[in-house]
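Peer 1: Heads up: the sequence lines are chains R and H, in that order.
Note that my numbering has the first sequence beginning at 199, numbered continuously upward.
Note that my numbering has the second sequence beginning at 1358, numbered continuously upward.
In case anyone wonders, no lab produced these hints; they're calculated from the structure.
Be aware that a few hints might be false.
Unchecked claim - Straight-line distance between alpha carbons at most 25 Å, and here's what the computed BS3-like set of lysine-lysine pairs gives: (1) R:Lys208 x R:Lys218; (2) R:Lys371 x R:Lys354; (3) R:Lys371 x R:Lys307; (4) R:Lys294 x H:Lys1491; (5) R:Lys307 x R:Lys252; (6) R:Lys325 x H:Lys1491; (7) R:Lys325 x R:Lys252; (8) R:Lys252 x H:Lys1491; (9) R:Lys203 x R:Lys325.
Stated by the list, open to error - Pulled from the structure, derived: some chain H residues nowhere near chain R, Cβ distances all over 10 Å: (10) Phe1388; (11) Leu1481; (12) Val1583.
Claimed, not checked - Simulated restraints, written as ranges between beta carbons of each label pair: (13) H:Leu1565 x R:Thr413: 52 to 58 Å; (14) H:Gln1460 x R:Lys307: 48 to 54 Å; (15) H:Ala1368 x R:Thr413: 58 to 64 Å; (16) R:Arg272 x H:Ser1569: 48 to 54 Å; (17) H:Thr1627 x R:Leu303: 54 to 60 Å; (18) R:Tyr211 x H:Arg1597: 23 to 29 Å; (19) R:Ala366 x H:Leu1687: 52 to 58 Å; (20) H:Ile1378 x R:Ala366: 49 to 55 Å; (21) H:Ile1497 x R:Glu383: 48 to 54 Å.
The C-beta atom is built at its ideal place from N, Cα and C for all residues, glycine as well.
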Amino acid sequence: MNMLKVTNLKVSYGGIEALKGISFDVEQGQIVTLIGANGAGKSTTLRAISGLVKPASGSINFMGQDITNLNPQRIVSTGISLVPEGRRVFVNLTVKENLKIGAYLRQDKDEIEETIQDIYRRFPRLKEREWQLAGTLSGGEQQMLAVGRAMMARPKLMMMDEPSLGLAPLVVKDIFSIIRDLKSEGITILLIEQNANAALRCADFGLVLETGRITLTGTGESLLNNEQVKEAYLGAD
Amino acid sequence: MKQKRKITPGAVATAVIVIAIYAAVFISEQFLPPTSMLFTVLKKGATYALVAVSMNLLNGFTGLFSLGQAGFMLIGAYTYAVLTIPVSQRAAVYQYYDGGIIQFALPVIPAIILAGLLAALCALLIGLPVLRLKSDYLAIATLGFAEIMRSIFQWDKLGPLTNGSNMLRLFPTFNDFNIKNADGEVVVYLSTLIPFLISGVCILIIVLLIRSTYGRAFIAIRDDEVAAEAMGINLAHHKRSAFCISSFFAGVGGAMLAMYMNSVQAKSFTSAMTYEILLIVVIGGIGSVTGSCLSSFLFVACSEWWLRFLDQKQVIGGWEVPLLRNGFRLVVFSIIIMIVVLFFRKGIMGDKELWDLFNRKKKKEGAQG
């Protein structure tokens, strides 16, 4: 089943077209990754889906509902969470307060504490740092917190913008294993990565974005073995 | 699973200190002469503390740099004064306007609340266009608003309501709270405790707000607008509500300032007043409520009392200290401020609260034991 259906999406920033009409589907329960160079329009795609920028034209459909022109609050409550680029945790709030902000739109206030405990079980490091200000965490811990915060909204689709950016190689490995765990729990993931190699390895499906257009699509494996992709994004060997 | 609110040792210690201060204020008021400078400082300090905390809520916690505080205080002060002047005194106050158009008087507490509400309403109206602006532009727009208010309230055509550029007076002040016996002698002094009570209640409300889910959203907006929006926080709504809440308490602070000064005149609500409050917020620590309270008393004490001697000739053992003359106080004051800004850039408290200090100490002791 297509969970997310993006059709002919165009976004411009002050006259410059960042997305020149892209169409793709995200199937439920899969990891779909968008790869591409800087400025290809990867982040813009996520920002448009989460309602942070208004598309110039095209449509975005999520679980049968047209969300193209909804505001970010409504989109979060339909079940789409964003883990923004560069983690963007709230540095002056504690770890726990950050998590609570993630549940800001949830109505079932009594069950929030339960979700927090779930997240602590998954990331014991966050439990240890519960009362610490998020600004004092390491990069990897902040990324865990950003993922945990997005999970607080109990999303059906989680969009991650460069989760491995600026992290040590060992931590990057952790992050990708977290992404696989989320998938095994039934959360659909739309992933943007500079680290195309790791992203395609864990993705079911991949899309290559070049200056606002999708130029190549295929399963993660087929793109990994594609000569063009190898040359442009994986480094020729 | 219900969430349990933990009462931290810091909260207990803070509560004890606050109660002790209130008790000390009450007791000293009964025994020291009421003309002592101490009480002037305490009354004005309590008033400024509330306004500073309200400014901190907006500038420190929500990250909206607004300089409209004096304007909202002006609205609050006038609302309070206009609504509480006893009907029998109106002819004397509004002598150039045939006693004015309002011919009723409200009790003090409803008038104070209305003062806050009217300030909040004005904030709501000007917030619609102004809150689209960011940082410096917002500051300039709100500063302009305050200046416009100052002129409007002095406008002759509004005289029957605002008494034009003449002062409003004869409304209930802090001194009217003193309990007197039949002969008119004061039995129990309450004139300093009352501003402490009003400020205390308002600041407590602000603290509870900041620590609620709703208030955490303000801090989230300050830390990262984009991430906050991605979490589903409605930026426009929260900015507007922070602006209105802050203005409400600035309005209440304005009403208190009117009670402190015994008279109200629009021309005294200058932008310099906003800067004084901004200074208090910066010295106390942006993002610290207790810091704002502490620094407001320090600031008022220095400007009104402790540094007064610098304005007069001082002779020490036959030697006349040079430079001391009228106005020198302000020079010294400016130097102190420069030192604070240069060497204590985060203010007295930084972004810590009084209770954080106790909690941390407790943790350290725990680590040693």
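Peer 1: Would you mind marking each hint as holding or not holding in the structure?
Peer 2: For each hint, the structure was consulted:
no.	hint	verdict
1	R:Lys208 x R:Lys218	holds, 5 Å
2	R:Lys371 x R:Lys354	holds, 24 Å
3	R:Lys371 x R:Lys307	violated, 34 Å
4	R:Lys294 x H:Lys1491	violated, 29 Å
5	R:Lys307 x R:Lys252	violated, 31 Å
6	R:Lys325 x H:Lys1491	violated, 36 Å
7	R:Lys325 x R:Lys252	violated, 37 Å
8	R:Lys252 x H:Lys1491	holds, 20 Å
9	R:Lys203 x R:Lys325	violated, 37 Å
10	Phe1388	holds, 44 Å
11	Leu1481	holds, 20 Å
12	Val1583	violated, 6 Å
13	H:Leu1565 x R:Thr413: 52 to 58 Å	holds, 55 Å
14	H:Gln1460 x R:Lys307: 48 to 54 Å	holds, 49 Å
15	H:Ala1368 x R:Thr413: 58 to 64 Å	holds, 59 Å
16	R:Arg272 x H:Ser1569: 48 to 54 Å	violated, 23 Å
17	H:Thr1627 x R:Leu303: 54 to 60 Å	violated, 43 Å
18	R:Tyr211 x H:Arg1597: 23 to 29 Å	holds, 27 Å
19	R:Ala366 x H:Leu1687: 52 to 58 Å	holds, 55 Å
20	H:Ile1378 x R:Ala366: 49 to 55 Å	holds, 50 Å
21	H:Ile1497 x R:Glu383: 48 to 54 Å	holds, 50 Å
Comparing the model with each earlier hint shows violations of hints 3, 4, 5, 6, 7, 9, 12, 16 and 17; every other hint is respected.
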